[in-house]
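Number of protein chains: 2
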Amino acid sequence: MEPGDAARLGPGRAARAPPPRLLLLPLLPLLLGRGLRVAASASSGAAAEDSSAMEELATEKEAEESHRQDSVSLLTFILLLTLTILTIWLFKHRRVRFLHETGLAMIYGLIVGVILRYGTPATSGHDKSLSCTQEDRAFSTLLVNVSGKFFEYTLKGEISPGKINSVEQNDMLRKVTFDPEVFFNILLPPIIFHAGYSLKKRHFFRNLGSILAYAFLGTAVSCFIIGNLMYGVVKLMKLVGQLSDKFYYTDCLFFGAIISATDPVTVLAIFNELHADVDLYALLFGESVLNDAVAIVLSSSIVAYQPAGLNTHAFDAAAFFKSVGIFLGIFSGSFTMGAVTGVVTALVTKFTKLHCFPLLETALFFLMSWSTFLLAEACGFTGVVAVLFCGITQAHYTYNNLSVESRSRTKQLFEVLHFLAENFIFSYMGLALFTFQKHVFSPVFIIGAFVAIFLGRAAHIYPLSFFLNLGRRHKIGWNFQHMMMFSGLRGAMAFALAIRDTASYARQMMFTTTLLIVFFTVWVIGGGTTPMLSWLNIRVGVEEPSEEDQNELRRQYIRVGVDPDQDPPPNNDSFQVLQGDGPDSARGNRTKQESAWLFRLWYSFDHNYLKPILTHSGPPLTTTLPAWCGLLARCLTSPQVYDNQEPLREEDSDFILTEGDLTLTYGDSTVTANGSSGSHTASTSLEGSRRTKSSSEEVLDRALGIGDQPVSSRGTRLVFPLEDNA
Amino acid sequence: MEPGDAARLGPGRAARAPPPRLLLLPLLPLLLGRGLRVAASASSGAAAEDSSAMEELATEKEAEESHRQDSVSLLTFILLLTLTILTIWLFKHRRVRFLHETGLAMIYGLIVGVILRYGTPATSGHDKSLSCTQEDRAFSTLLVNVSGKFFEYTLKGEISPGKINSVEQNDMLRKVTFDPEVFFNILLPPIIFHAGYSLKKRHFFRNLGSILAYAFLGTAVSCFIIGNLMYGVVKLMKLVGQLSDKFYYTDCLFFGAIISATDPVTVLAIFNELHADVDLYALLFGESVLNDAVAIVLSSSIVAYQPAGLNTHAFDAAAFFKSVGIFLGIFSGSFTMGAVTGVVTALVTKFTKLHCFPLLETALFFLMSWSTFLLAEACGFTGVVAVLFCGITQAHYTYNNLSVESRSRTKQLFEVLHFLAENFIFSYMGLALFTFQKHVFSPVFIIGAFVAIFLGRAAHIYPLSFFLNLGRRHKIGWNFQHMMMFSGLRGAMAFALAIRDTASYARQMMFTTTLLIVFFTVWVIGGGTTPMLSWLNIRVGVEEPSEEDQNELRRQYIRVGVDPDQDPPPNNDSFQVLQGDGPDSARGNRTKQESAWLFRLWYSFDHNYLKPILTHSGPPLTTTLPAWCGLLARCLTSPQVYDNQEPLREEDSDFILTEGDLTLTYGDSTVTANGSSGSHTASTSLEGSRRTKSSSEEVLDRALGIGDQPVSSRGTRLVFPLEDNA
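Chains as they are written, first to last, in full-length UniProt numbering: chain A, 1 to 726; chain B, 1 to 726.
What the hints contain is simulated information worked out from the structure, not anything from laboratory work. Errors might be hidden in some of the hints.
Note that identical chains are pooled: a pair holds if it fits in a single copy or bridges any two copies.
As the list claims (entries may be wrong) - Okay, derived cross-link-like pairs now, SDA-like style, lysine to any residue, Cα gap no bigger than 25 Å in a straight line:
#	residue 1	residue 2
1	353	635
2	353	408
3	235	269
4	350	236
5	353	94
Make the full structure from the sequences, and use the hints.
Printed below as a string of structure tokens:
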């Protein structure tokens, strides 16, 4: 085989075996050089130079035109967002609640999509594409020889053969169709990070067990049920003859995974606005945030499972366990990655006194948080999951070390980024319904999917709530369960997962169905949240304490907590945990303590060792570490800890309710740190909650009244940080 | 000609005339379909489906690998930035001044560049590229048929034939070489916007005439001189035989344009830190900011001029005037675009009461500012220039309408973006020295360029200062001129302009030279600023008033201004303009008034009409507009204007010194608004400045003493806004 052959790749030669590439590598410039000479000599001869200048000019003009179109398409989105913001303001101003801002963004997106689709002429796409046949597979980079000039091309994606015509016809439509990776790598991270960073940890950790159960078990159950139901639907479609291409079992499971990711945005925004019950808020928020993470990892492990079965795409026990292993590996890897970056940032901000320069501090914080995402992606883990846990760690540790200015800066920066990214995604969803060019509408599949997600959600909310209620003192009431059932709307994450790969027929059908489900749930369920809340008798108007000052928070907290006749179930266990050091109420929480044993161990570890090491707060390490590592302890403990714990605490509680709230919530954890918790005896749930209330009232009154009196419990030096008089 | 021929594009067929594309368009799917069938039938036959699954898998794996490498390369930059931030902190902490942060970022970039260049193995680039010969020109999109699958490729850029081998060899180096458009479209806009938004308008407008002269005339002179000198150097190189490819006269002019863009970053950061003289600061800052805009427009009009001469690339009077026309068109278009978006944002924020929702307001502000850039690019103007003027307009009008929270948010947001973008660019510059793969080092050219930029700067600073001093009462002293001469360092903008197009040999040589000039100026001149300031006897330690409260500012202002024996020249004319309504001092400023006639007209228009229409401040329109448009005036005037002008004023002056300072500076403008300024008589400059000082002292004392007493001048209702007692 002559080396020159490789330069001439016609379809007629495609049958040959690919030449050994390593051998070809040093010859490549030669080959290309030869191709160049052939092409140049074949061109118009004498006027070659002149025409090449003209061509260069034409290429430059074309690149300019392309750049202009890029600008126009981005501009479209920005104007859309601007319009959305103005309308949101109008809605907020007039207190319109039947349509949320995200729904609004989608409507505007839809309108612009229709205009782009039917209003713009088929532009000059025709002279921009050329076909060229390659040997055996697609490469990520392509060198193209054009009359002696070499141009580098990068792979954009696969196009299904039937759609090539429409791709050709409307250049503008193609321009507004973004690279799906943009959603995953640019728009999702700030949204997810913000969710982690602004997490209301008090309510979150109070319901941690239930949240984890809903997020992990619930999502897995939902994924499996939806996957199987959809496989039935697909079989049915095959019988009826509605299916024109392959649709494997793993595809169905993949659909189950992506559609199981519930969206926190719309419902929770309404909850926040109406000041609905905090525990329900915590359950829904926690579920949907972790849910997203679970769905990402689940879907990628299903994809990883696919190749193992190759063409069979059937169920295989070994492959199943392999994908479970992948799931666990990816999840724990991403979790570790996020936590480690957060810890590193905390250490850096603690030991460098960077807080004298808030701009540097904010920049460092931003970069470290972003690097988590990239680090995880580079290691093959999931960046979005890593960023979530990084956000939680940053809020828990790093936030305490930041200067006051940086706290507001970081908070505001991520708030703005989150807002823009979120509205962009929803606008894009609206736009995609008309501008996306690979839609596969299948009524049977769509109806099946709606039924499946309904059943899938019912099949995990009700049974899981039943089992959780066996263990929970504070039961999840029927109205809460119905509300959770109702609030399972799908949003940005399902969309981002669905758009990530739309190469095959099955994936295109999934994408279209996901889009419609998102539309339906955001408009109908999002709009129906307020009526549903009042219909289910769920209390609204409970003021959320995060924005108010701490003093008000404490008042508030008592007011909500000690009012026993208003609605007992949701507020009981918020004070139940306060009983830790009161021996009279200790009998009632054995179940709780046992189930949360690991978590309480973690909490005391965090409070006694991690907080003092990573932040300027907490008890001095010299008191918590054993005597023989005294020198190390003295090095690691911040000098601030010794002389003034109170002012630091107060700063802590400004934005994110850390220390104080955790201590409030897990006041009993320190008791168990010395192992005495096992001796508690159980009592009936009702009695426990009665006792709880009175004891919590006492504790709170004492704490608020006496102020900075430390409530030391046995073994550890835990200060009750409820004082507001500093 | 058969339709199937287009699908087989071998070099042997390149000689044919391109087929009529409009005709081919409807046939394209057919053509591609045929290519597909040929390729599919030629492939391994029975096992076709299985192998296609394997191929799909391989492509997916490859895409994943590529994605991972992208993450790693971004991660490299982020870690670089993190390292830079930590070192900056260390330097600031230890008060090290011989090396600025930007210089530091470059050094880190250099180190990482060396590691990447010599430390990483030649990775798997070899199996990712394939050559494929096209007919006549490069297309922006390419459809490639691979065994029945269609892949879309987008044009990345041209590669010079000699470099193909190195492109192949190191994939990692290629990955860290960003798309130059990233600099222009993502990194520069926030930097430039921030420059406009945080412009200290008082000092800027006080020296506006000189700034415009330096920026427009100076840059043009510098560009022309450098271009001609370099053409001489190129001729010399050709004689010596050092030049291996074409280098046209327009290329030389282009080099003159890109290298004339001086950088505000390093010197001004040091000025700011040392609190150096405010007027020198204003002159340098104003020059370098507008300079950048001028250089962009200049370089793009030189590029536009090029095609007119086609291959002659020689001087042509018609083409020259055409390119001057293009220059004026682009500049004024961009200016208008920026100003219009700013005005629209001001109107929206004024009339919607969006300030109740700071998040929405900030988001809107951000989007509108960004849309300026895109709008200008979409219309064929220069986005960066538009963004600069948008920033100035936003600071002048919109800023007054924002809520307090949004003011700090927008300020901080752009500050962080600016900081990150700037350090990223400088890190990248360091990195590019070793990782950029098309360097053309030519010692003669480099030495020539250093001499040329020195002469080019000398040839505009000294003559222009001489002419400006004829008109200025407050002369630009020799020490200031020397400092301006010395401070002409090149930075991000020159780099961004140079990297934008590195296709030809000439451009590559320019890029390498620019890079070295940037390195030299940032390290040597940036580091030498502090010694130079003390050597030239330029006062440092003048506290910059922008961060302090207004009260302190006024004190400060008087202290600096009325102290006649400290350094008379730079501070005289800051008060000279205050004499407007004092008839005793009016004789001395005829020259000044005449030259600034247009500007003063603008100022009174701005104060009487634009400010009241666009913001909540200024005199009510009902008093400034003629009686017959009373209804309109009442609609447009904000109700706040009538009842409390003072609190609004005070808010204005928090971040950006608007109203008060402008009025202070151009106090005489209102006098001239009714046309009476022409009657003033001239006196010697020295006498004028003496008188000025005493009168300005009086005016200031009166203003500060009496507080809110309005100093009405004839015709217009101008309130002297110096009161601090509100």
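Now the hints, each set against the structure:
1. 353 x 635: Classified as within: same-chain Cα gap 15 Å, cross-chain 53 Å, threshold 25 Å.
2. 353 x 408: Both, since 18 Å and 23 Å are each at most 25 Å.
3. 235 x 269: Classified as neither; 39 Å inside a copy, 69 Å across copies.
4. 350 x 236: neither (61 Å within a copy, 59 Å between copies)
5. 353 x 94: For residue 353 and residue 94, the Cα distance is within 25 Å only across copies (12 Å; inside one copy 47 Å).
Hint compliance for this structure: hints 3 and 4 are not met, and every other hint is.
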